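Protein chains in written order, with the working numbering: chain A, 201 to 575; chain B, 71 to 216; chain C, 50 to 178.
Be a bit skeptical, because a hint or two may be false.
[Stated by the list, open to error] No more than 25 angstroms apart at the CA atoms, straight line, and that leaves these computed lysine to any residue pairs for SDA-like:
| id | chain 1 | residue 1 | chain 2 | residue 2 |
| --- | --- | --- | --- | --- |
| 1 | A | K274 | B | V209 |
| 2 | C | K166 | A | F270 |
| 3 | A | K479 | C | H63 |
| 4 | A | K548 | B | R188 |
| 5 | A | K540 | B | L142 |
| 6 | C | K112 | A | A506 |
| 7 | A | K367 | B | V209 |
| 8 | C | K123 | A | S509 |
| 9 | A | K482 | B | S109 |
| 10 | C | K123 | A | S397 |
| 11 | A | K540 | B | V110 |
| 12 | A | K548 | A | E338 |
| 13 | A | K479 | C | M66 |
| 14 | A | K365 | C | K126 |
| 15 | A | K244 | C | K126 |
| 16 | C | K139 | C | L177 |
| 17 | A | K367 | B | D132 |
| 18 | A | K571 | C | K125 |
| 19 | A | K540 | B | V212 |
| 20 | C | K161 | A | T229 |
| 21 | B | K203 | A | K482 |
| 22 | C | K125 | A | I312 |
| 23 | B | K203 | A | F270 |
| 24 | C | K148 | A | S509 |
| 25 | A | K236 | C | K164 |
| 26 | A | K305 | C | T165 |
| 27 | C | K148 | A | W503 |
| 28 | C | K162 | A | T229 |
| 29 | C | K161 | A | R228 |
| 30 | B | K203 | A | T229 |
| 31 | C | K139 | A | R516 |
| 32 | C | K139 | C | Q96 |
| 33 | A | K305 | C | D124 |
| 34 | C | K161 | C | V87 |
| 35 | A | K461 | B | D125 |
| 36 | C | K126 | A | D572 |
I should point out that these hints are in silico values taken from the structure, not numbers from a laboratory.
Computed from a predicted structure; not experimentally measured.
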Amino acid sequence: MEERKGMAQILAIIPGLAVMVGTLYLLRTFVEPWMKDAVVFGQKGWLVQVLSLNYILLSIIAGIIYRNVFFGGKIPDWAEAGFRTTRLFIKSGVIMLGCLYTLQKLAKVGGIAITLISVFVFGTVLFVIWYGKRIGMERSMVGVMAAACGVCGVSAAVATSPGVKAKPSEVALAIATILGFGIMTMFISPFIGKALSMSDYQFGAWVGTGILNSGQVLATCLAFNPTFAPGTAVAYGEIWNVVRVISIPFVVFIVTTWACKAEAAESCATGADKMSLGKVFKDRFPVFVLGFFGMTALSSLGWLGAEGSNTLHLIRDVMSWIFGIGLVGQGAYIDFRELKTAGGKPLKVGLVAGTLKYVVALLVIMFFVSKDASF
Amino acid sequence: MRILLALDDSAQAMDAAVRLASERGAGLTALFVLDTGWSVYIGSDFLLGSHARGDFLEYTRDDEYSQEHKALAEIKKRAQVAGVACEVKTVASRHIADEIIKEAAQGYDLLVMAAPFRRGLEVMRDAPSAILKAAPCDVLFVRGGE
Amino acid sequence: MSKGKMTVFKTDRHEDMAAMVFVSLVTVAVLLYMAYIVPNITITPTQDGKLVALKVAPDQEIKKGDLLYTFEYKDKKFVDGKLEEKLATKDVKASTNGKVLSVDVKEGDTLKKGKTKMLVLDHEKGTLP
Chain A
201 MEERKGMAQI LAIIPGLAVM VGTLYLLRTF VEPWMKDAVV FGQKGWLVQV LSLNYILLSI
261 IAGIIYRNVF FGGKIPDWAE AGFRTTRLFI KSGVIMLGCL YTLQKLAKVG GIAITLISVF
321 VFGTVLFVIW YGKRIGMERS MVGVMAAACG VCGVSAAVAT SPGVKAKPSE VALAIATILG
381 FGIMTMFISP FIGKALSMSD YQFGAWVGTG ILNSGQVLAT CLAFNPTFAP GTAVAYGEIW
441 NVVRVISIPF VVFIVTTWAC KAEAAESCAT GADKMSLGKV FKDRFPVFVL GFFGMTALSS
501 LGWLGAEGSN TLHLIRDVMS WIFGIGLVGQ GAYIDFRELK TAGGKPLKVG LVAGTLKYVV
561 ALLVIMFFVS KDASF
Chain B
71 MRILLALDDS AQAMDAAVRL ASERGAGLTA LFVLDTGWSV YIGSDFLLGS HARGDFLEYT
131 RDDEYSQEHK ALAEIKKRAQ VAGVACEVKT VASRHIADEI IKEAAQGYDL LVMAAPFRRG
191 LEVMRDAPSA ILKAAPCDVL FVRGGE
Chain C
50 MSKGKMTVFK TDRHEDMAAM VFVSLVTVAV LLYMAYIVPN ITITPTQDGK LVALKVAPDQ
110 EIKKGDLLYT FEYKDKKFVD GKLEEKLATK DVKASTNGKV LSVDVKEGDT LKKGKTKMLV
170 LDHEKGTLP
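Whole structure, please, built from the sequences with the hints as guidance.
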């Protein structure tokens, strides 16, 4: 983490970025077409049809391989600055996803999303608080796990920890648990979705409600159906994701207030920097989500071309490249060595709460949400 | 003879290093590695809004500093009680094990450290096995009390 | 020596802004390209199906909203949790004013989503095809 200035800082990005772009290019131009025709176990296209491998999963897997095999578990210094741009790419991709909707459509599905998510967020938070207390977890860590399992996984854990004064080494374990669980669900959810012949709408709603780590919702939806168009899994999953992201500040506020109410109140954020919802919102709100709504507004006005037009098609094509580049980077941040050591009480809570949420969400979606999408 | 002690929160490792140094009349150097790896550890998360990342990194940084103060004060106290001269060093890195190996290669005869090694994000990794593979000198692993 | 190295950006807002600026630039670039630079556009089907009526011929001038072709496709819909398939037809209209450069299909042809090259159109500069 040397400090670089100006030009040098930008140049430092190039090697890592080149690896990400180059990998995606090779995957999309050579590997994916090859997989479609490759004969494995006597079946043409087995890799695609049975393993549901597509360029999205391949990009993540490529990233994981770089980190865990070629780089020996570390992100080397030459690639670090470049790989860090993964955030920028995924954020850009999320913003561009706004072009899949019009405001009316958002309003239509948004209601269901908000209802489902609020129920599940508070259900999970209450469950974790109850369960965490039962197994005698420290109050600050209960807070972190409640926020993490409730809304957005790692992001919520990170956003809550300083406020509740959780021990960083414990937070590290919590993060490993959530990431590990998220990666597992990312790879198995598409199989479950296909086995139950879920519609794109159901899959998006399920994954958006049930997956612990929001960072993995989009990747999971894309693994199920790699097409960027209205009515695909990612189009629905994204609405859920946006609602979750917006709810982070609320959950952080509630959980921190709860965690600080107790006897250890003086160690929490009190006095001068007393918590207020407004302040939490200002400090914790991811501003790029506004860009998403901006994109939706543009598309509602028809400034991005009509639905089905070549212009919109090109925009979505560009978007799929931006996501793909970002996902190679995301994979490179997955270190199996770190995930393996996840343990202790955070693992217990994360596993129980995560599985419960995942399964209950699946049941609710299968029984109460029709396969037929509302748009 | 020169002994290098890789510091974490283990009192047992400190005691072992101080005892060895006083028994053999060896020079003792205590190395504390500040972990700068947190920004990489949470580096892929794109949903952290506004100051969430910054606040967290500051929070972990403050925690690193307080661990440093605690560990250094602790080892100095123990060395003083035993009448051993102890030099302390602090470096910052996101590869703690590498940093320890690098320092150990500077002409030390023995490296003393706790196993499991609980320094920064090394709790997530396995510093002892990495060090065992690449150690340039003898190594003494001290079992923790917990 | 170590203290300076641990500084980080205090905020992620600059990154969020960068993402928004990046997306704006990309979007503007795509729009400008499609409106002014792209030499001609190839119309491909949005769904698999069969071409039932073709309403344009080479060198024909078209107006926005003119019917280009009609195709038949299997409409898959979930009704009461069951996947129902029925044949449906859909009209495809011109999204901008322009001219037909070439027609590469004939009535009765099967259409492959995104694959079959159907029409090549020229479009009026400044409009989004």
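Is K203 of chain B close enough to T229 of chain A, meaning Cα to Cα at most 25 angstroms?
At roughly 41 angstroms apart (the allowed maximum being 25 angstroms), T229 of chain A and K203 of chain B break the hint.
For the pair we were handed, K162 of chain C and T229 of chain A, check the Cα-Cα distance against 25 angstroms.
Holds - the C-alpha atoms of T229 of chain A and K162 of chain C are around 19 angstroms apart, at most 25 angstroms.
Hinted pair, alpha-carbon criterion (25 angstroms max): K125 of chain C, I312 of chain A. Please report holds or violated.
holds, 23 angstroms
Is the straight-line distance between the alpha-carbon of K244 of chain A and that of K126 of chain C 25 angstroms or less?
violated, 28 angstroms
Are the Cα atoms of K123 of chain C and S509 of chain A separated by 25 angstroms or less?
holds, 21 angstroms
Under the criterion that the straight-line Cα-Cα distance not exceed 25 angstroms, is the pair K305 of chain A, D124 of chain C satisfied?
Measuring from Cα to Cα gives roughly 21 angstroms; hence the hint holds.
Given the hint that K112 of chain C pairs with A506 of chain A, does the C-alpha gap stay at or below 25 angstroms?
Holds: K112 of chain C and A506 of chain A sit about 15 angstroms apart, inside 25 angstroms.
Does D132 of chain B sit within 25 angstroms of K367 of chain A, going by the straight-line distance between their CA atoms?
holds, 11 angstroms
25 angstroms Cα cutoff - pair K161 of chain C, T229 of chain A:
holds, 20 angstroms
Hint check: K236 of chain A vs K164 of chain C, CA-CA at most 25 angstroms. Holds or violated?
OK: K236 of chain A and K164 of chain C at ~15 angstroms, within 25 angstroms.
Holds or violated: K540 of chain A to L142 of chain B, with C-alpha atoms at most 25 angstroms apart
violated, 31 angstroms
Given hint F270 of chain A paired with K203 of chain B - CA-CA distance at most 25 angstroms
holds, 18 angstroms
Checked against the numbered hints given earlier, this structure breaks hints 2, 5, 7, 14, 15, 21, 26, 30; the rest are met.
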